[in-house]
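Residue numbers (my numbering), protein chains in the order written: chain A, 1 to 354; chain B, 1001 to 1512.
Just so you know, the hints here were simulated from the structure itself, not pulled from any lab data.
Don't take every hint at face value.
[Claimed, not checked] Straight-line alpha carbon distances no greater than 27 Å define the calculated DSSO-like cross-link-like pairs of lysine-lysine that follow:
| # | chain 1 | residue 1 | chain 2 | residue 2 |
| --- | --- | --- | --- | --- |
| 1 | B | Lys-1371 | A | Lys-215 |
| 2 | A | Lys-215 | B | Lys-1389 |
| 3 | B | Lys-1377 | A | Lys-215 |
| 4 | A | Lys-215 | B | Lys-1367 |
| 5 | B | Lys-1367 | A | Lys-241 |
| 6 | A | Lys-229 | B | Lys-1313 |
| 7 | B | Lys-1422 | A | Lys-241 |
| 8 | A | Lys-229 | B | Lys-1422 |
Model, not experiment: these values are computed from the prediction.
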Amino acid sequence: MKKINFTPLISSLLAILAGLVIGFLILLICNTKEAVPGFLTIIMGPFTHGLEGIGDVLYYATPLILCGTSVGFAFRTGLFNIGGSGQYLMGAFGAVYVGLMCEFLGPVQWVVALIVACILGGICGGITGALKAYFNVNEVITSIMLNYISLYFVNMTIRGNAMLFNPARNESRNIKEVAEVPQLGLDKIFSGSAVNIGIIIAIVVAIIIYIILEKTVFGYELKACGFNKNASRYAGINENKSIIYSMIIAGAICGLAGGIAYLSGTGKHIEIKDVIPAEGFNGISVALLGVSNPIAIIFSGLFIAYLTAGGFYLQLFHFSKEIIDIIIAIIIYFSAFSLLVTNIISRKSKKGKE
Amino acid sequence: MGSEYAIEMKHITIKFGNLVANDDVTLQLKKGEIHALLGENGAGKSTLMSILFGLYHADKGEIYVNGVKENITDPLVANKLGIGMVHQHFKLVENFTVLENIILGCEDEKMGLLRMDKARKKITEISSKYNFDIDLDAKIENITVGMQQRTEILKMLYRDNNILIFDEPTAVLTPNEIDEFMEILKNLKAEGKSILFISHKLDEIKKVADKCTILRLGKVVNTVNCEDCTKEQLSEMMVGRKVSLKVDKKPATPGDVVLKVRNLTIAGEKGHKDKVENVSLDVRSGEIVCIAGIDGNGQSEFVKGLTGLMKVKSGKVYLCDEDITYATVRHRNMGLMSHIPEDRHRDGLVLDYSVAKNVVLQQYFDKEFSKSGFLDKNEILKYTHQIMKEYDIRSSNGEYTICRAMSGGNQQKIITGREMTKPHKLMIAVQPTRGLDVGAIEYIHKKIVELRDRGIAVLLVSFELEEVMNLADKILVMYEGQIVGKFDPKTVDLNELGLYMAGSKRMNLEVA
Ligand SMILES: Nc1ncnc2c1ncn2[C@@H]1O[C@H](COP(=O)(O)OP(=O)(O)OP(=O)(O)O)[C@@H](O)[C@H]1O
Ligand SMILES: [Mg+2]
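Using the sequences and the accompanying hints, generate a full structural model.
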């Protein structure tokens, strides 16, 4: 009896198609001769580099999937988590801190580091949630402000601690290999790439979030609050609690993304600069493309990562790699219209009641 | 121009999945006529009107407007053809003013700046022509439903629509407002407008409509002249059997006090007087106590105070001897209190959830419906199936149907069914039959009496005197937040009751 609704899938696919077509036009304008091979590189991109290419896609996809899941989850519960970047940065900081300061932990050091990353991200999200729940401050405003607070907090703390700070390069110190997230043989399969078990963690988290949302009592409450606050109050659901839990979880997931990214042994360091990391915002794009469905977000995250990886190879054809950013932006732009598109489609199949 | 019909819909068929919502429906609306549409909940009335207004597209059939075949692809096209619609559930922007809502979508602008003065003048003219007493600068969220409806009507008139569709306009109005609305309809007709009008209330149809088309299960049963038919005939055509709106009930045998309210006071907005003042009353098991009164006299706030949705300023509420004045909503819900709320979309349903999920809205976490934190889908579906069968809830996709895609009456039935089925000792029902067809009303009334006979205490708030007279064992009148009268329905005189409701007479009651 139960029918699956394919309209969101179709609208996301349409957005992707539109993005690729326009992307191709841009390639044509920039460099007509090499547009076709350039475009093929985007499409075939990572595959032209064999397993290493695929490994890279998985590596890029890890933070995208996690941040996307975070934003999508919050969105399903009626909240807009635009503070993913701050939470990501706090997570990164927590992980780096444990990674540098807690060598005594031995083999579980990276586990503890990721847990701390979750906790810091969660606190960051939780503050936003609590402000919304108890003082009715819009979460968009507080989470944007928290992005900056996190940024300067992290900069200040790292710079102020000689154990963390590498003054020569104005960034955090190198983390020892024992503290890195293990690759667990993935580096053997996808030799040459930086992929590690982060991707597995990301996929598992997305699946867990899916199960929470769809199958559990807890998810029922969270979503009910997101859909209709009055009805959930009527049902006896504690709305404030739901908002706070929801933001804590969203924050923890972004924190985890940050933790994994900075414990990956790819030479990523927390640089002391006044720029907010883009990952949290990328999460919004991924969530949009995946219509806030955690399972779909796994795929949209992989897809965006795939394009990003393809973008690097585009440079072989004298294109600047920013073109891929434009294409991604167009795709996101169109999927932001996905609601509109969905409506048009469903109108055509005359099911768009109210 | 030549046609005598403003609208002709011919052989309209539309399916939602397997459900045929309109099946070969033909409807003709003469110019200057009021044409009523009657049918059970889910018969397809709203769907048919949505097709005319361009919200849905028929699978088959044709529409002629003023004799010309038209393809109404969306509401903008409908608007151009002079068709306007007031929906069953209003579509106003809550934090806009009346004026802003009216001009929304056809703003008058000059160099990108909104120009309100011309619009304001035109609207003032229209509203004085029809005697609409409305404050154009009030925000929608602060005005009564009656006023919201006038806003919707003004919206149509402002757009110079000549063909007006009203989908259950009176379901949300008080008897007084209904009378005024009937006058408005007559005036509109006198102006030469052609009107399609959906209602479940046969009185109204008899009063204003010229013709009536009756739908059942998506098919046209008949189109009749309203003059030639009695109310009984109409309802029989609609439901397919005889309906009796008179409830048979034995005399009540009240038992212990279940709900005891003492000196309850609920504050109004800042700077306003209290909404509920010093109300004391008892409701015993096995009796139906009705609160009668004109909408807006504190009934909503009183109920919200009892159900925990609004803060109490002072006073006490006891349920089965337990002080629940400050208890959580959840505590009240658990086996004690059932509540059919006034506003089904705002409070009663999560519209984006399926029927099944809505049916367990207060019980989803209960042992019966969940196992170690996971929802027990099978149990929930079984329970839903049972309620849907018992209350004849119709939808296109069974238990999985998203409530938003259901007819208004069927949405109401979900709430009523849910609240009546879940364990409780006290039933607080506000307008439980709002928007239901006569057959369904008959059934719900029977159920309420059944609850009473099972020993449940029932507190009913209704703006419809007929319902009050039919069901009540005791009538209390609420006026300006106070209980001003207490009556026995067997002996009360309706005129007398009216005087109390209007505040011109009052009794001094310690405890009602
Ligand atoms: N968008 C939709 N998708 C699926 N089914 C729908 C949709 N809209 C309506 N239906 C179904 O079509 C049938 C007719 O609905 P409609 O709203 O026209 O009823 P109605 O006659 O207006 O009833 P009511 O008096 O309760 O308002 C119902 O069974 C309803 O569940
Ligand atoms: Mg309807």
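Here's how the hints hold up against the structure:
With a CA separation close to 11 Å, the supplied pair B:Lys-1371 and A:Lys-215 stays within the 27 Å bound. Under the criterion of a C-alpha separation no larger than 27 Å, the hint pairing A:Lys-215 with B:Lys-1389 is consistent with the structure, at around 25 Å. Our distance criterion of 27 Å between C-alpha atoms is met by B:Lys-1377 and A:Lys-215, whose separation comes to about 8 Å. Taking the CA atoms of A:Lys-215 and B:Lys-1367, the gap is near 15 Å; set against the 27 Å cutoff, the hint holds.
The hinted pair formed by B:Lys-1367 and A:Lys-241 meets the criterion: a straight-line CA distance of about 22 Å does not exceed 27 Å. Restraint check for A:Lys-229 and B:Lys-1313: satisfied, since their Cα atoms lie roughly 23 Å apart, inside the 27 Å limit. A C-alpha spacing of about 25 Å is found between B:Lys-1422 and A:Lys-241, which places the hinted pair at or below 27 Å, so the restraint holds. At roughly 22 Å between alpha-carbon atoms, A:Lys-229 and B:Lys-1422 fall within 27 Å of each other, so this suggested pair holds.
Violated hints: none; the structure is consistent with every hint.
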